[in-house]
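Chemist: Now for the letters of each chain:
Number of protein chains: 2
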Amino acid sequence: MELFEKTLDSKKIFDGRVLHIVLDEVELPDGKRSKREVVNHPGGVCVAALDEDNNLSFVKQFRYPYKEVVLELPAGKLEKGSTPLENGKRELLEETGLEGYSYISLGQVYPSPGYTSEIIHLYACRVKSQGEQRLDEGEFLNVEKISLNKAVEMVLNNMIPDSKTQIAVLKTAALLKSGKI
Amino acid sequence: MELFEKTLDSKKIFDGRVLHIVLDEVELPDGKRSKREVVNHPGGVCVAALDEDNNLSFVKQFRYPYKEVVLELPAGKLEKGSTPLENGKRELLEETGLEGYSYISLGQVYPSPGYTSEIIHLYACRVKSQGEQRLDEGEFLNVEKISLNKAVEMVLNNMIPDSKTQIAVLKTAALLKSGKI
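Chains as they are written, first to last, in our numbering: chain A, 1 to 181; chain B, 1001 to 1181.
Think of the hints as simulated: they come from the structure by calculation, not from any bench. Don't take each hint at face value.
Unchecked claim - Chain A stretches covered by chain B per the calculated footprint, using a threshold of three residues with CB under 8 Å from any CB of chain B:
1. 28-36
2. 63-74
3. 160-171
All figures in this text were calculated on a predicted structure; none of them were measured in a lab. Just so you know, even glycine gets a beta-carbon here, dropped at the ideal spot from N, CA and C.
Hey, can you work out the whole structure from these sequences and the hints?
Modeler: What follows is the structure, given as structure tokens:
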């Protein structure tokens, strides 16, 4: 079956600090017309930093859309002018004070492909040194160390809802098992 | 560190067919003010349906935000008046023609907790019978069977970007290994 959708028109709905919402009109594969509500997002990065005892550093943040504190691996939005990996190193340092080495890609995540263009780049690394947290203005989070084994158990027992964190934890465990990190 | 953010004001930006965008003003833990751009979403469901040869049924769809065809497990938006599990059974039947049994929860996914309220409910099941696809008007997708082992390999080799699919594949493999499905 032919699947391609052609853009006929694009209407800007909202240009925010992070989100850029458009309402597009498309031509479907059968020639009919439909609307597409799209969130254009700059993309993100997430880092699983494994220390010598195989603990991962997590962050706990209030996530406003859910009105709850969510446990996640260190992550952030991509900033223009630097690569996903450079952004990952910066976010890890800012949020946890950790400097990593032996970075390895864990691929990309499309968080919800029906409506958002966000791509989250995942990395794992080893921890080189521990410095001070350097949070951005208006950023509030607590760091928590959890062993990789415990984190895998938490993911499999449905105790960690965040998508990038579930994926990075399970992939890091697979890499460690195969001796790749 | 105190993490809670208090809503001071909420402004409706866009009320779409799927997305409901608001721009809220919040009070941060240090008393300062900030803005939150939020996508309110009805939630979703995703089903990993395993046949007797341990193949999973995937769907390939054109995903407009990425302008590409994306490989995913059968999934859809939650409809009001029915439970996530009922929605999952309906979506599986509509998109693949499959009827499942022995449904088991694989937990929930927060796809991108910084800006969307979407919760995706994940299930695994066994396949009972194969009927006809019953696609919604304007829905175009191709079904593809892939063995669970091959799918796990594809996830670990970063060939499946969709978040819910990566998570459901890896969790289904863990359940099968522990004899729970």
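Chemist: Taking the earlier hints as the rules, which of them does this structure contradict?
Modeler: Of the numbered hints, all hold.
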